[in-house]
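*Asks:* Under the UniProt record's numbering, the sequence shown has 77 at position 77, and the numbering climbs by one with no breaks.
Since no wrong hints were added, every one of them can be taken at face value.
Cβ-Cβ distance ranges computed for the label pairs, FRET-style:
| no. | residue 1 | residue 2 | range |
| --- | --- | --- | --- |
| 1 | Asn10 | Ala36 | 31 to 41 Å |
| 2 | Phe62 | Gly122 | 23 to 33 Å |
| 3 | Leu14 | Pro51 | 24 to 34 Å |
Hints in this document: simulated from the structure, not taken from any laboratory.
Glycine is no exception: its CB is placed at the ideal position from the N, C-alpha and C atoms.
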Amino acid sequence: MIGFRFGGSNWETLGFLLFSVSVGVMLGLFGDLLGALSKSPEATTQVLMLPQLILGMVSTGFAPASQFPPWIQGFARNQPVSQFVDAMRALAGDKPGFATAVDRSTIGPGVMWTVAGLLVFGVGSVVLAVRRQR
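Produce the complete structure using the sequences and hints provided.
*Replies:* Okay, structure coming up:
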C-alpha cells in the first residue's frame, strides 16, 4: 500500500472500488454461510483458515506464476485469488509489466468468479435461512 496510486481513468478507479466491494461481499456471504452451517465458532475459524492460507500464498498476489514450481503454476495462475488480484491490478492502472490492459480477458475471470460466488453463497444463505424459519 505504500506508494499506491490509481493510474487509470476515473471509470477504472470506480470499477476497482466496485469490484473490491463485490469480492468483500462474496467472501462475507461465504463466511456467513459456513458459520450458519457450523456447530461451533471454533470449527468455523478452523475451516476458514486453510483456504485462506493456501489460496493466498499460492496466488499471483505475491509472485508471478512463473516463479512457482511447474507442477503448480496452472493452479497459481487460475485460482480465484489470482484472478481477483489480476483484475484489481488492471483496474488500478498498475505500472506496465505488472498488469495488463483493462479488457474482458483480464477482468473477466475475476468477475465470473465473483458473480458465481455471490450466486452460490447468496442462494445457499437464503435456502438455509428459509429452512431455519420453518
